[in-house]
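Protein chains in written order, with our numbering: chain A, 87 to 371; chain B, 222 to 510.
No wet-lab data here; the hints were simulated from the structure. We treat Cβ as the ideally placed atom computed from N, Cα and C, and that holds for glycine. Hints should not be assumed to be uniformly reliable.
[To be verified] Estimated spans, in silico, between C-beta atoms of each pair:
(1) B:K319 <-> A:I118: 55 to 61 Å
(2) A:K93 <-> B:S403: 45 to 51 Å
(3) A:F109 <-> B:A417: 22 to 28 Å
(4) A:L229 <-> B:N317: 52 to 58 Å
(5) B:P238 <-> A:G228: 19 to 25 Å
(6) B:D282 <-> A:K358: 47 to 53 Å
(7) B:A411 <-> A:N257: 29 to 35 Å
(8) A:N257 <-> B:C244: 31 to 37 Å
(9) A:F109 <-> B:K374: 55 to 61 Å
(10) B:V379 <-> A:N313: 32 to 38 Å
(11) A:L105 <-> B:A297: 41 to 47 Å
(12) A:A173 <-> B:K413: 48 to 54 Å
(13) B:P238 <-> A:R287: 18 to 24 Å
(14) A:S316 <-> B:P433: 45 to 51 Å
[Unchecked claim] List time: in silico SDA-like cross-link candidates among lysine to any residue, alpha-carbon distance up to 20 Å:
(15) A:K225 <-> B:Y480
(16) B:K448 <-> A:A368
(17) A:K103 <-> B:T422
(18) A:K99 <-> B:I234
(19) A:K276 <-> B:L306
(20) A:K196 <-> B:E321
(21) A:K358 <-> B:G322
(22) A:K99 <-> B:E321
(23) B:K229 <-> A:K94
(24) A:K276 <-> B:Y480
(25) A:K194 <-> B:N223
(26) B:K229 <-> A:L200
(27) A:K99 <-> B:T230
(28) B:K436 <-> A:M210
(29) A:K194 <-> B:L248
(30) A:K196 <-> B:T422
(31) A:K103 <-> B:I234
(32) B:K319 <-> A:G271
(33) B:K229 <-> A:G271
(34) A:K358 <-> B:Y480
(35) B:K267 <-> A:F221
(36) A:K362 <-> B:Y389
(37) B:K319 <-> A:V113
(38) A:K358 <-> B:I234
(39) B:K267 <-> A:N226
(40) A:K194 <-> B:P238
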Amino acid sequence: MQVVLQKKRNFTKYIGKILLQGFLIIVAITQIYPLIWLTFFSLKDNSEIFSGDVAGLPQKFLWSNYTKALSDGHVLTYFFNSVLVTAVSIILVLILSSMTGYAITRMKWKLSGLTMTTILLGMMVPIHAALLPLFMVLKNLGLLNTYWALIIPYVAFGIPMAVFILGSFFNGIPRELEEAAVIDGCGIYKTFFFIVLPLVRPALSTVAIFTFLSCWNELMFAVTFINKASYQTLTVGMMSMVGTYITQWGIIGAGLMITTIPTIVIYLLLNKQVQKSMIAGAVKG
Amino acid sequence: MNSVFSNKTAITIFVLPTLLIFCGIVLVPIFVSSYYSLLDWNGVGKGTFVGLNNYAEMFNDPRVLNSIKNSLLFAAASIFIQLPLSLLLALILASNVKGEGFYRTVYFIPVLISTVVIAQLWSKIYNADYGLLNSLLESIGLSHLAQDWLGQKHTALVASFIPTLWQYVGYHMLLMYAGAKSISNDIIEAAKIDGASRIRTVFSITLPLMRPILKVCLIFSVIGAFKVFDLIYVLTNGGPFFTTEVPSTLMYTTIFDTYRYGYGSAISVFIILECLVFTVIINKYFKTE
């Protein structure tokens with residue numbers, strides 16, 4: 087009796103496990119298949135897209151879609167612009183917010199609390215709110231259609247989250263380390279740059295990843311502040327490309343893949359760190 | 222020692238540039254937007270001050286009301302479809318299932334992809350002539366269901382919600398997973414020893430302890446729904462016949478296509494207030510302390 091019951095229980099457990107795995111696999115396929123489909127799509131020509139096997143592998147891998155997208159479709163320019171804007175934004179966010187986060191959390195001055203509150207308020211502001219005023223300011227300063235039109239707002243809107251994340255890391259550093267540095271004759275700058283900053287490297291990479299994702303994928307500012315193709319980033323470029331290559335879907339697919347691949351590569355390389363940074367971005371209380 | 226850590230020059234160098242750029246680009250524009258919203262202005266010359274007229278017009282404008290309704294539907298769909306699904310996945314993955322790390326990694330991939338790409342991708346999936354969806358339906362013998370998903374009034378809104386669901390289910394899953402994982406194993410073990418079933422443990426132990434993260438997810442999905450822009454702008458631009466229009470895309474067209482700067486600013490101020498009000502409400506009714 088006991089044995090039969092045990093066997094039965096094991097059996098239901100086993101079936102349960104299989105059903106569970108089945109469910110998880112179906113979800114996984116749903117999450118990943120559209121991207122695989124896009125990959126196939128980007129390697130096909132029009133006739134195959136319109137008439138061939140919609141879901142299947144391409145008959146012939148048309149890598150020329152990629153070279154065409156890169157050269158004729160200006161994707162190389164868009165790509166360069168995205169890299170430039172994103173890289174400069176990340177560097178500036180890291181410099182500014184680490185200095186400010188440090189001064190707020192570890193240095194002694196009267197207004198530090200107020201400054202922190204003010205900056206954290208920024209996390210609640212939707213970028214919609216600033217769109218038109220920024221457009222007017224950039225227009226009056228003649229900065230529309232320059233890289234700065236994107237870099238400055240990206241940095242400004244990246245600061246609150248970055249200060250928050252870095253601030254909480256600085257808070258976790260034992261005071262004694264800083265004090266020892268000072269006793270050894272370090273000034274505040276040396277202490278900060280050579281002792282403290284290296285200690286918060288994980289937080290810096292978290293902020294860098296977070297900033298990368300938001301800048302690389304941003305659309306609203308990019309579409310409003312830039313209309314010259316030579317300064318457009320990938321997100322906007324993709325939209326104008328769809329307009330130009332309206333009948334050549336394979337090339338558009340290639341462009342979309344070129345936009346996506348860097349993110350996926352970074353994710354697969356830094357998987358844990360990326361997930362951590364997304365969690366850190368959320369748990370702001 | 223103290224003189225080092227209260228070095229006024231250093232503090233100024235560390236804080237001032239950040240504060241200037243932050244206030245100039247993030248804070249001040251909100252007030253400027255609020256001011257613009259009181260004007261009748263086409264961006265050229267000086268606007269005329271019209272007080273709260275724009276706001277009064279907004280609440281009588283069927284197009285505005287319709288866009289608000291759509292964003293509320295988006296929020297409702299996120300709360301009642303996306304969050305429960307994410308929660309289910311998070312709880313399964315957090316229960317030491319085989320392949321935990323792999324699934325977590327795969328589910329999260331769409332979160333990282335630019336919404337522009339996602340919108341283009343899904344517009345191809347929905348395409349009436351060669352789209353993936355219709356050909357899938359055909360292959361399983363449901364070809365009579367095949368249609369132009371984004372082009373028709375009665376399917377467009379649902380069709381534009383699904384990519385959001387697809388994109389962010391992994392994000393909420395990850396947050397909830399992190400929340401579930403942070404619960405001490407001792408508590409779960411104790412419940413097991415007390416004879417609580419798995420389901421019972423989830424409802425009496427895990428979920429109550431996950432309240433803080435559930436609140437964050439709730440706030441994110443509601444605010445995300447109010448702010449949704451990229452996806453709609455690329456996928457349908459509010460069409461067909463405004464059936465997918467949301468406040469942010471309406472704000473955008475009002476400002477940059479019809480040059481009603483004051484009216485568009487009123488809509489943008491409305492979006493901020495809406496987000497703020499709902500955050501406060503959720504925080505209040507979802508007290509975590």
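When the hints from earlier in the document are held up against this structure, which numbers fail?
1, 2, 8, 9, 11, 18, 19, 20, 23, 24, 27, 29, 30, 31, 32, 34 and 38
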